[in-house]
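Given the coordinates of chain A, assemble chain B onto it according to the supplied hints.
Going down the list, the protein sequences come from chains A and B.
Per the numbering used here: the first sequence = residues 1 to 111.
Per the numbering used here: the second sequence = residues 112 to 223.
Keep in mind the hints are simulated off the structure, nothing from the lab.
No residue lacks a Cβ here, since even glycine has one placed at the ideal position from N, Cα and C.
Relax, there's no trap hidden among the hints.
Here's a subset of chain B near chain A, in silico, CB distances under 8 Å, partners left out:
#1 F156
#2 L198
#3 T209
#4 I212
#5 F213
#6 G214
Here's a subset of chain A near chain B, in silico, CB distances under 10 Å, partners left out:
#7 Q41
#8 K42
#9 Y50
#10 F91
#11 P98
#12 E99
#13 F101
#14 R107
Cut-off 25 Å, straight-line C-alpha distance, at most; resulting in silico cross-link-like pairs (SDA-like, lysine to any residue):
#15 K42(A) x T137(B)
#16 K57(A) x E152(B)
#17 K78(A) x G151(B)
#18 K42(A) x M121(B)
#19 K42(A) x V221(B)
#20 K42(A) x K192(B)
#21 K168(B) x Q104(A)
#22 K57(A) x N141(B)
#23 K57(A) x N160(B)
#24 K57(A) x Q113(B)
#25 K83(A) x K215(B)
#26 K42(A) x G151(B)
#27 K215(B) x H10(A)
#28 K215(B) x E99(A)
#29 K42(A) x N141(B)
#30 K215(B) x T109(A)
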Amino acid sequence: EPEVTQTPSHQVTQMGQEVILRCVPISNHLYFYWYRQILGQKVEFLVSFYNNEISEKSEIFDDQFSVERPDGSNFTLKIRSTKLEDSAMYFCASGQGPEAFFGQGTRLTVV
Amino acid sequence: GQNIDQPTEMTATEGAIVQINCTYQTSGFNGLFWYQQHAGEAPTFLSYNVLDGLEEKGRFSSFLSRSKGYSYLLLKELQMKDSASYLCAVREGTQAGTALIFGKGTTLSVSS
Numbered sequence: 001e002p003e004v005t006q007t008p009s010h011q012v013t014q015m016g017q018e019v020i021l022r023c024v025p026i027s028n029h030l031y032f033y034w035y036r037q038i039l040g041q042k043v044e045f046l047v048s049f050y051n052n053e054i055s056e057k058s059e060i061f062d063d064q065f066s067v068e069r070p071d072g073s074n075f076t077l078k079i080r081s082t083k084l085e086d087s088a089m090y091f092c093a094s095g096q097g098p099e100a101f102f103g104q105g106t107r108l109t110v111v
Numbered sequence: 112g113q114n115i116d117q118p119t120e121m122t123a124t125e126g127a128i129v130q131i132n133c134t135y136q137t138s139g140f141n142g143l144f145w146y147q148q149h150a151g152e153a154p155t156f157l158s159y160n161v162l163d164g165l166e167e168k169g170r171f172s173s174f175l176s177r178s179k180g181y182s183y184l185l186l187k188e189l190q191m192k193d194s195a196s197y198l199c200a201v202r203e204g205t206q207a208g209t210a211l212i213f214g215k216g217t218t219l220s221v222s223s
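Just chain A, same shape as in the assembly (with noise of 0.2 Å):
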């Protein structure tokens, strides 16, 4: 069955360092969505993207935050400068309709 990967699995960075996340869509999909989850709290919606483009996105993804599908398999999130706050676990998910389908997380800790 087809699933959405991510990469790192763990990801430990400093504080100010830049990161980027990296997800591989389920191929035939065309929404592509970063969420964040704070250890004990809510899924919580950063952005979504398709045909290209962003199409929507929330108050937490501010200017410190980019997102590239710079192929055909590849979509990315990016953060310049990483907060304390910033330690979550990231999720990338997909979907071709309604339903989104989640990739199994990237854990970012910013020490």
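Using the frame of chain A, we list chain B on its own:
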């Protein structure tokens, strides 16, 4: 504003039936979703309702009443592996690729 409410915790025994309720107040509505999330893992899609009524999928069923802003997830013949968080989520936007707004989730513990 957006508000999605679910009970924080529920407990049940193997073989039983449990109903997890969700109420929502959102500025728009384009579908209600239920996801299962085991600790430390990704949310897994369970069901989707956009019209009023009951959707059945094996041991799991989901119900929606748009006029009441209410949904429930019904789990039958509970198994130990059903111990997980169950997340209610609403899509507000009119297009398929818009955000899912999640509730805080209901942690279900199934005991033998």
